[in-house]
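Novice: If you're matching them up, the sequences are chains D and Z in order.
Numbers 1 to 347, taken from the working numbering, label the letters of the first sequence in order.
Numbers 348 to 797, taken from the working numbering, label the letters of the second sequence in order.
Hints may be right or wrong, so weigh each one.
[Stated by the list, open to error] Here are some, though not all, of the chain D residues that point toward chain Z, as calculated from beta-carbon distances under 10 Å:
hint	residue
1	Leu86
2	Thr113
3	Leu203
Hint data in this document are derived by calculation from the structure and do not stem from the laboratory.
The C-beta atom is built at its ideal place from N, Cα and C for all residues, glycine as well.
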Amino acid sequence: MRHLLSTTDLDRAAAVRVLDTAAQMAATQGRQIKKLPTLRGRTVVNLFFEDSTRTRISFETAAKRLSADVINFSAKGSSVSKGESLKDTALTLQAMGADAIVIRHQASGAPHTLAHAGWTDAAVVNAGDGMHQHPTQALLDAFTLRRHLAGDAGNPDGVGRDLAGLHVAIVGDVLHSRVARSNVDLLHTLGARVTLVAPPTLLPVGVGPWPAAVSYRLDDVLAQGPDAVMMLRVQRERMSTAGGGFFPSPLEYTRLYGLDARRLATLPDHSIVLHPGPMNRGLEISADAADSPRAVIVEQVANGVAVRMAVLYLLLAGDGDTGAAPATGAVPALTSVPTTATEVSPR
Amino acid sequence: MTTQYLLKDVAPLGGEPTDVLVAGGLVAAVGAGAGDAAENAPDDLHVIDATGMVLLPGLVDLHTHLREPGREDAETVASGTRAAAAGGFTAVHAMANTTPTQDTAGVVEQVWRLGREAGWVDVHPVGAVSVGLAGEHLAELAAMADSAARVRVFSDDGKCVHDPVLMRRALEYTKAFDGVVAQHAQEPRLTEGAQMHEGVVSAEIGLAGWPAVAEEAIIARDVLLAEHVGARLHVCHLSTAGSVELVRWAKSRGIDVTAEVTPHHLVLTDEEARGYDPVFKVNPPLRTQADVDAVRAGLADGTIDIVATDHAPHTREDKDCEWAAAAFGMTGLETALSVVQQTMVDTGRMTWADVARVLSENPARIGRVADQGRPLAVGEPANLVLVDPAARRVVVPEQQATAAANSPLRGRELPGRVVATFLRGRATVLDGVPQDDPARPGFAAGRVTP
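Using the sequences and the hints given, assemble the complete structure.
Specialist: Here it is, written out as structure tokens:
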């Protein structure tokens, strides 16, 4: 793995490898001393053209826990706001010796351009680009799903396993969502069945070939007993004429697509509820649902750090540059962690 | 004393090989004895062995962006028309979206004069339909029609004349001077923020979609308006299968509509966007393979009247960036004929006579350009292009005559090569090389072809 631009870059083995590495990282995060020396002397730049405090903090925490030097480069208050091009920003970071660039950009494809235009040698991690992809979000969602739905007493993280046979409903603004695109691809790769649930206005016209079923009716899908329901953030301004007029009112949206206590009660006992945050309480998810024991939303945040540690580790310290799979137990800096990465248990 | 050219064993319109003499600005003689006519004249005689080559009337582009005045950093009238000559053109229509806009007699005369000074091709400025392309008030169309530039084609290209009343008025008003409104069909509300064709690829790669219906809805409205007021309508860069169907229907009703397709819509699809290289960002966007097949069929059966380049040069900084920040448009003057050969002639869909029809005769007729697109007959103005269909070449944008490098065909091998271009008997291109003339300052402009 040279860059992480899209979940379509990952085949099943590569995705499971990231999740297994994340499990090892997560194990270290329960200790009193959380910092590992793995990326000492390496420089990770968080290049954020779009505000996202939680994603930036998550990547910053991940890099620091691996002892990397972290530079936060925000478009606001930098030369970018004075009209500097992505190219010049990239050349500047290259000149400063960035080993990895974590990029968040409002333009779909900007991370792809950064990785392939020849402006920098750094590994590029897509931290969300326009309406395209947000691969680390999908990986942390998969990690969370696997822990809850594919783990057992002997293997609580489900290490070595994929998500085969699980049914995941993704509900909300699929059209504008990079989270939905990343999850559809990754969940499919990991063997899960995906149903997208949205009003027709919030589904892309070209959704047909996606490896997912599509429904306009949340209640019908919940009646199928999905193993997990992933709620997407819906921006209130989408209902306004200026915002595209995608739905008539927040109240109507909530009535048809909001996850509330009544709908939550129809789910099977083992089902969990995910949300990438930040939530619009009372719009796509009620307080009852958000705060219920089924909601794993806060846990997603914690898992995000572990998954991003794994991604940075595999890009910068793994043997990803050769494209080869890391050798068994190839996490030498983590030797204190009991490795279970080679176990593949049937479920 | 001017040079005479004897084209030996050339195939006019791809027909039986013969000899053609170019002298005195005219096609002076055709036939086995053409050379005899030259011997009686005092001028120098330049003999070209044209065995295996095709002679066509000089190409006429109804849709060129020359960028001057205003964006001389991307292209000038001199560099753009030199590129046109290199591509086999003898006339181009220079689109109105310059700075200042070509919306007054003064600006269209300026562009016309720059074209005359450059001398590569005849430059026919297109007049803006609305003041500043703003879509609100009609520009002084008659003043432009009556100017030295004698404007006959009017377009807000780059923007759609979306107000139905303004479009109706423009269609009506241009009847007074036999003008035509060339519509950039794009419903603006349906394409706010649009980046590429709306479909399977846009859904996957997360770029805002430009739906086919935004083009088709305007074409449907405009053909009905043209019918209602009895006016002539030209549809720019038609790009979808549905648009072909609509134009076919309109023609069957007797509506006076003509349509163009660009070379890039004949050969490229929206799959090109997957790499996020903005060289493939164009408006209207690259469509699907089904659309490509439909526009090829429409061009072959005459539903689509012409191929026009929509040559849109851009600076590196306007393309060397993320997709959403990049400018729309791609160059095409120097590859148009090759693309038409590749997609239409080499596939057996069209003959060379058909190529002359869609790249010369029809655009000249639509633009009311009298001395272009003429038959290859004795006494006609010698606006000609000599093509070697057997040659093949790899596109290297930096080696083209255009000042811009945003060709979407970089690195592709294309068939056909323009060997010579004649503008009223004067060779603007010989042996594939633009004939720069030190006596003409315009000739020195533009990139020198290695």
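Novice: Decide, hint by hint, whether the structure agrees.
Specialist: Now for the hints, and whether the structure bears them out:
| no. | hint | result |
| --- | --- | --- |
| 1 | Leu86 | holds, 5 Å |
| 2 | Thr113 | holds, 5 Å |
| 3 | Leu203 | holds, 9 Å |
Going down the numbered hints, you'll see the structure goes against none, and every one checks out.
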